[in-house]
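All residue numbers for the sequence shown refer to our numbering, where the first residue is 1 and numbers rise by one.
What the hints contain is simulated information worked out from the structure, not anything from laboratory work. One should not assume that every hint holds.
[Stated by the list, open to error] With beta-carbon atoms standing in for the labels, derived distance ranges: (1) P709 - E352: 36 to 42 Å; (2) A708 - A664: 52 to 58 Å; (3) E608 - G303: 47 to 53 Å; (4) P45 - S380: 40 to 46 Å; (5) S380 - A263: 18 to 24 Å; (6) P45 - A373: 27 to 33 Å; (7) G241 - A204: 23 to 29 Å; (8) A208 - S380: 26 to 32 Å; (9) K238 - R339: 41 to 47 Å; (10) A708 - K116: 50 to 56 Å; (11) A542 - Y375: 42 to 48 Å; (12) K116 - Y375: 32 to 38 Å.
C-beta atoms are modelled at their ideal positions from N, C-alpha and C, and glycine is treated no differently.
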Amino acid sequence: MKTSIPTILALVIVLTPLALQAQTADAARQNPLSTASPLLYQAPPFDQIKDTDYQPAIEEGMKVQLREVEAIANDPAAPTFANTIEAMERSGALLTRASKIFFNLTQSNTNETFQKIEAEESPKLAAHGDAIYMNPKLYARVKTLYDSRAASGLDAESKFLIERYYKQFVRAGAQLNDADQATLRALNQEESTLTTKFREHVLADTDASAIVVDTKAELAGLPDSDIAAAADRAKERKLEGKYVLTLQNTTQQPALTYLTNRAVRERLFNASIQRGNHGGPNDTKAIVTRLAQLRATKAKLLGFPTYAAYSLDDQMAKTPENAIKLLSDLVPASTAKARSEGAKMQKVIDAEKGGFQLGPQDWELYSEKVRKAEYDLDESQVRPYFELNNVLQNGVFFAANQLYGLTFKERHDIPVYQPDVRVFEVFDADGKSIALFYGDYFARSNKSGGAWMDSFVDQSGLLGTRPVVFNVLNFTKPAPGQPVLLTFDNVTAIFHEFGHALHGMLSNVKYPTLAGTNVPRDFVEFPSQFNEHWALEPKVFANYAKHYQTGKPIPQALVDRIKKSRTFNQGYATVEYLAAALLDMAWHTQADGAPLADVNTFEPAALERFKIAMTTVPPRYHTTYFSHIWGGGYSAGYYAYLWSELIDDDAYYWFKEHGGMTRANGQRFRDMILSRGGTMDEAALYRAFRGRDPIVEPLLIERGLKEAPGK
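Please model the complete structure; the sequences and the hints are all you need to start from.
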C-alpha cells in the first residue's frame, strides 16, 4: 500500500490573461514526486522533475509521515507487530521517495539550488527523525513488542526487525529525560548543519584547488588522452592554451603516476593536501573540530564514553578497542613493507642522479618505475586493454552472469539526471526482470569525489517494490572521440561498486528496513570487496581484457605480469589506509569535555601515537578533506573496509576450496549472503555460509604481508 500524497499547488498570480493561463497551468501541475513514479520499478521521472520540486516534496513528506506516526502512537488498540512495526515500515513513502533521489543528486550532480535546499532541509530532517524516535508513546509500543518478542510466535525476520527498531529508538535517545532529549535534538541539528557545510566546502575547495599548467612540456609523461582532457578543462574555464589538472578525493592523485616534472608533481600534491586547510571561505578546520566535540558530547549523553564506543555498539566490531586492535596489528608489517618499497624507489632516484630524497609527491611515479623494472609492467601498456564499456559489459556483467545467472539490457527510454548516466534492466536466470541499474562514471566539477552505491528504490516484499540502484564513480572523461581507458585500479573500483549494487539488486526480504545494503558498516563492504576478486578470474579477465582498437586479447605475458604484481606496493596501500582509519579513531575516541583540537597538531600526534606516521606515506585522507567521516556516514567507521576485507578474503578462499567461480557456488553466496540483507545478526549470517568465523590468514596473504602456504 502506498501513502496517498496530496497535490502540492503553486500560487496563482493574476497578471494578464496570458499570464493567468500559464500560472493556472503551473498551479494545476502535480509535483511528480507526490505519487509513485509510473516508470518501471518506480524509476525516477527525471524528465518531469524540476529542481524546485524537491523541497516541497520533502517538506510535505515530513508532515505526512508525522501524521502517520502520530496515528500509530495514539492507536487505542494494543500494540501488535502489524499495527506498530509494519505500520512504521509503510510510513513516510513520499519522504523516502523524494529524499532518496534528492540526496543522490546533491552528491553526484549538485547546483546552487540543491545546495540551498540541502542547507535548509538537513537540520529539519534531523529534527524530524528526533520527533519520531523520541516519541514516548511510540517507543512504549515498540518496547512492549520487544519485551514480548520471544513468545510472539513471529518468524525470525520479524523478531529481528523488532530488535532493530528497539535498538534504534534507544540509540536515538528515547530513554532520555526531557531535558537531555532537548540537548540531543540541538546536537543533532548542529551536526546535520555542519556535515552539510563540510561537504559543500570540500566540493568547492576540490574544484578551486585544481592546478593550472602553462605549457604542454610541463606535462611530460602524462598520457596524450589525459593531456587532451586537461586542455578541454582549461577551455571550459576560459584558459585557452593552458592545461588544468583537477583533483580527486584522495591524497594521492592519478596524474602523479606519470608526471616527470617534479615541480608540477609538488604543486599538484600540495594542492591536494592543503584542501580545507589554507584559510578562506572553504576552510574546514573549525567544522571538523566542532563535529568531533559535539559527537563526544552526544555519546556521553547516550551513556557511552566516546563517540566511537557509541558508533560501534551496533556494528560487528562491537567496540573501538576491537577495531583498533585489528588495525594496529597490521602496522608493524605494513610499515616495514612500505619502508622496503621506498628504499627501492630511492635507488632508482639515485641511479638517475635525481639528487633528492623520495617524497610523497614522488611515490606514485617511482613506484611505477620499480614496477616496470621488477615486473616489466607499464601502466600505459595495460590501459588500452581496459576500455570502460568493455570492462562493464564483458567483465562486470559477465561475472554476474557466471555467478548469479544475471543478464543486462541497456535502456535508452528511461530518463536520467545527467546525459552521461546509463540505465540497464536486470534479468534473472529464468528471464524474469528483477531490477534497474544506473551507472554514473565520469567526474564533474559539481560531483563529489570518490565512488559509491545507493538506491532510488529499495526492494521490499511488504511494499511490493523492486530495487532501483546506482553506482557513482569519478573517472576522467576523455576529450570527444577519445576512448575511456582505465587503469587496473579503476577496473577494480568498478567491480567493487557493482558488488554493492548486487547486494541491493539481489535483496529478497520482506521489510525495507532490512533490505539490501541496510546492514552494519563493517559488513556492508563485504559483498563489494568480495566482488573485486573476480576482476582477475581467468575466464572473466579473458572476456573483457581486449585491445580497444584491435579487439585482440591482452597478451598472456602482460596477464602474468599483472598477476605477479598484484601485491606490489601493498605496503604503501596498507599504510595509507591504516593511517586514515586510525586517524578517524583518534578523532572519535576523544572524551566529552576535551577542548577543541588544533587539526595541524592533533593529526600528526595521533599518527605518532599509533606508530603509523611516515613522511613518505601520508594518510589516504587528511583530516580536512576526509569526507567519509565528516560528511559521509563513516564517522568512527573507516576501519570497516579492513573488517569487511577480513570477511571477503575468507569467503573468497571458500570459493577456492570449493571449485571457484561456478553457478552453484554463486547461487549459494546469493542465497545465503546477498539476498538476506540485514535479516539476522551478520556474524551468524556469515558463520552459516562459511561454517566458521572468518580467519585473518587469507587477508594477510592477499595483501602480500604473509606467504601463502607451500611457497
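Consistency of the hints with the structure:
no. : hint                    : verdict
1   : P709 - E352: 36 to 42 Å : holds, 39 Å
2   : A708 - A664: 52 to 58 Å : violated, 25 Å
3   : E608 - G303: 47 to 53 Å : violated, 31 Å
4   : P45 - S380: 40 to 46 Å  : holds, 43 Å
5   : S380 - A263: 18 to 24 Å : holds, 22 Å
6   : P45 - A373: 27 to 33 Å  : violated, 55 Å
7   : G241 - A204: 23 to 29 Å : holds, 26 Å
8   : A208 - S380: 26 to 32 Å : holds, 30 Å
9   : K238 - R339: 41 to 47 Å : holds, 46 Å
10  : A708 - K116: 50 to 56 Å : holds, 55 Å
11  : A542 - Y375: 42 to 48 Å : violated, 20 Å
12  : K116 - Y375: 32 to 38 Å : violated, 51 Å
Checked against the numbered hints given earlier, this structure breaks hints 2, 3, 6, 11, 12; the rest are met.
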